[in-house]
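Read off the chains here:
2 protein chains.
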Amino acid sequence: MKPIWIEGVSLNENPTNILIENKHIAGIGLDVPMPAGAIRIAGKDKAVFPTFANMHTHAAMNLFRGYANDLPLMTWLNDWIWPKEKNLDDDTVYWGTRLACTEMIKSGTTAYSDMYFHIPAAAKAASELGIRSTLGINAFGDAEELTEKYIESILAMLEPLSELVSIAIAPHAVYTVSEKGLRRCAKLSRKYGLLYHIHMSETESEVVNCVKEHGCRPYELLERLGVMEMTEGHFSGAHSLYVDENEIAIIGRYRATVTHNPCSNLKLGSGHYFHYVELRDAGANVTLGTDGCSSSNNLDMIEAAKIMSYLQKGIRRDPTVLAAEELLDVATSNGFKTLGIDAGKIAVGKSADLMLVDLNNLAFVPNNNTLANLLYAAHGDAVDTVVCNGHILMQQRHISSEAETIAEARRATARLMR
Amino acid sequence: MKPIWIEGVSLNENPTNILIENKHIAGIGLDVPMPAGAIRIAGKDKAVFPTFANMHTHAAMNLFRGYANDLPLMTWLNDWIWPKEKNLDDDTVYWGTRLACTEMIKSGTTAYSDMYFHIPAAAKAASELGIRSTLGINAFGDAEELTEKYIESILAMLEPLSELVSIAIAPHAVYTVSEKGLRRCAKLSRKYGLLYHIHMSETESEVVNCVKEHGCRPYELLERLGVMEMTEGHFSGAHSLYVDENEIAIIGRYRATVTHNPCSNLKLGSGHYFHYVELRDAGANVTLGTDGCSSSNNLDMIEAAKIMSYLQKGIRRDPTVLAAEELLDVATSNGFKTLGIDAGKIAVGKSADLMLVDLNNLAFVPNNNTLANLLYAAHGDAVDTVVCNGHILMQQRHISSEAETIAEARRATARLMR
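Top to bottom, those sequences are chains R and C.
If you count by the working numbering, then the first sequence holds residues 2 to 419, one letter each, in order.
If you count by the working numbering, then the second sequence holds residues 2 to 419, one letter each, in order.
Derived by calculation from the structure, the hints in this document are not laboratory data.
A portion of the hints provided could be inaccurate.
Unchecked claim - Across the chosen pairs, the derived CB separations fall in these ranges: (1) C:N13 <-> R:L78: 25 to 35 Å; (2) C:N79 <-> R:N361: 48 to 58 Å; (3) C:E230 <-> R:V209: 44 to 54 Å; (4) C:A37 <-> R:L78: 48 to 58 Å.
Claimed, not checked - Rough simulated footprint, nothing fancy, chain R against chain C, three-plus residues with beta-carbon under 8 Å: (5) 16-26; (6) 116-128; (7) 149-156; (8) 271-283; (9) 307-321; (10) 337-349.
Note that this is a predicted model, so its numbers are computed, not measured.
Just so you know, even glycine gets a beta-carbon here, dropped at the ideal spot from N, CA and C.
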């Protein structure tokens, strides 16, 4: 594995060289020389930033992009999404995931936390693209299909693939998984040290129904079942839009991760008020996601970050909330932390997950503040170069497999929609 | 002026040819042949849409992009924006406007309604870029500088420039212009048939102060002063975020235009609840704007449209609100209507203001629904070709003056920030 030497790139508004060796950032400074045999990347007119961690998505659903919009939730699911999901197979999931990974790389994401079906096909696609993926194995009901034997077989299947692909235990939600199933998943999460990735309180009606059925709210249920304790350090609650004061305290007490998906919550009409400040102050690890492309319609983490920050400022009538530096952490290091990866900062010793953005992109003209321009003015197309775990995944916006992925994803979509 | 013939482009999901002659769309259909001497544009792997009308901006403020963020409103104005605005001159406004026009063209906008200073410099920049501009002459206090003689001198100055550049009367707001000034501006608007472009009810405190000072809310004040009647057909109220039931009725009664600027309202912490449905149902002409780049940070109308629609769905918990077809009208034809331009639809006889988007951009892969992909998945970078009033302003994302504009805008910014 050759070292990478980035020459004269802008870091925090100052030029520097950056050396990447053995998958890590090994040197930062204008005096860091190019080692013999290194790959040289010109950093002129570019700025370096950490890459994003997309903490909640359903990657293969990229094939559903634009398929059904502006519909009531149950119409959308019953009449549009579910009938077509019956056509899913290894081939469609493989190409859908390849398309999603391509889109993520092109917009600066090098890690994602997924939840879908046909795990081996998704793992193959992600590992080929060189991106970090944590593939949640969806469980429903009593989750009886999630046996230790099954999990060990999946782990064995991943072994020869990229070290960057791992799995998570993903009970779908408290309204689709039984108490027994929720606990079963938590035990497996603890036994194998795997992330417990679950949809939590995305809509208000889920919470109302939980109270009816279980006599308490969703996070209260998980605490009562011992799930929060068993999964401490491995819990990731997607959405968590409708949480009350007591639930915020529970989330904070277990230092749990919650993932806000602002574009999805808005577009599906789920709601707009995410308790960012309260969750952060209680001790939650707040991260950011796009959700799948059938909910909102792209995987651009810059857009998701911008909308998250703008929404917090707007609903609280306070422009100082979730300022750019903090927003960058939410979209990068907070997510990597949940995934157990020491990335999300441009600093010596960190994993080499970084991107170069093009300062001649109009979003950076003029460049009064590079970070503000990245998060508030740019979109994913400003990303020029992406490095993940010390490997170059994209340079000058070129990914060698892109044309094949586009052609095959179109073909797979035609099969899915037949 | 040569005809333009676009071959085999996707329109409403079907391939067609489009002929542009004498600034208008002259033919649509696969049987429309290429006239001798026409400019031929290949439409393969492209879809055609109307271009956007950005109905509220301060174009030259592009030089402030990223300059001050995440600050309380009055700190932002007093300590950051206003001290630097004192450095504005013809040169900075000229290059700031050129930069803004370049950014607008690159993201599919061919008309904008502006409000700023140094009108002749802005007019020169906009006319050179070939974009439609309506330049609001800002007025404050009693607006006594706005004499008939002055307006006629500006109109005479515009005469030799592009036919696409015009002016508007732009009293700044009810809290910075006196009752006398507001009326004076309305009379001039009526006399010269010019748009009356004013900031209205952007923040709640403006409304509270208006009630204190005038005994009524801002739109009630304008009605009482006779402004709404005098400007009927020419009124454009930017923001209009804080309007009550009676004001919505007033706006509807005069068929007035209101411009929502969702990104700006959110980022500045002004608020999030725009009364779209109520205004539309009352008869208002609702249009869309980005505001200037110092408020939110880019001029991308696709992003503004997406956020407007997502926000309406989210705050009303109804995903069916402001569906894609209606959203496109808000961002295109509704704005053109206010500007007196018969554009915003791809139809024979309409002004030739249209764009081609690149269907190989990942936002359109797969292409289950081209319009949904444009508004919900894409960003401005998907725009490949832009035609305004029958002239090609951009092809394959190339604008010949772009490199010079970037270099000079950087130089002008350095002077502004000195």
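Verification of the hints:
no.	hint	verdict
1	C:N13 <-> R:L78: 25 to 35 Å	holds, 27 Å
2	C:N79 <-> R:N361: 48 to 58 Å	violated, 33 Å
3	C:E230 <-> R:V209: 44 to 54 Å	holds, 49 Å
4	C:A37 <-> R:L78: 48 to 58 Å	holds, 55 Å
5	16-26	violated (count 0)
6	116-128	violated (count 0)
7	149-156	violated (count 0)
8	271-283	holds (count 3)
9	307-321	holds (count 12)
10	337-349	violated (count 0)
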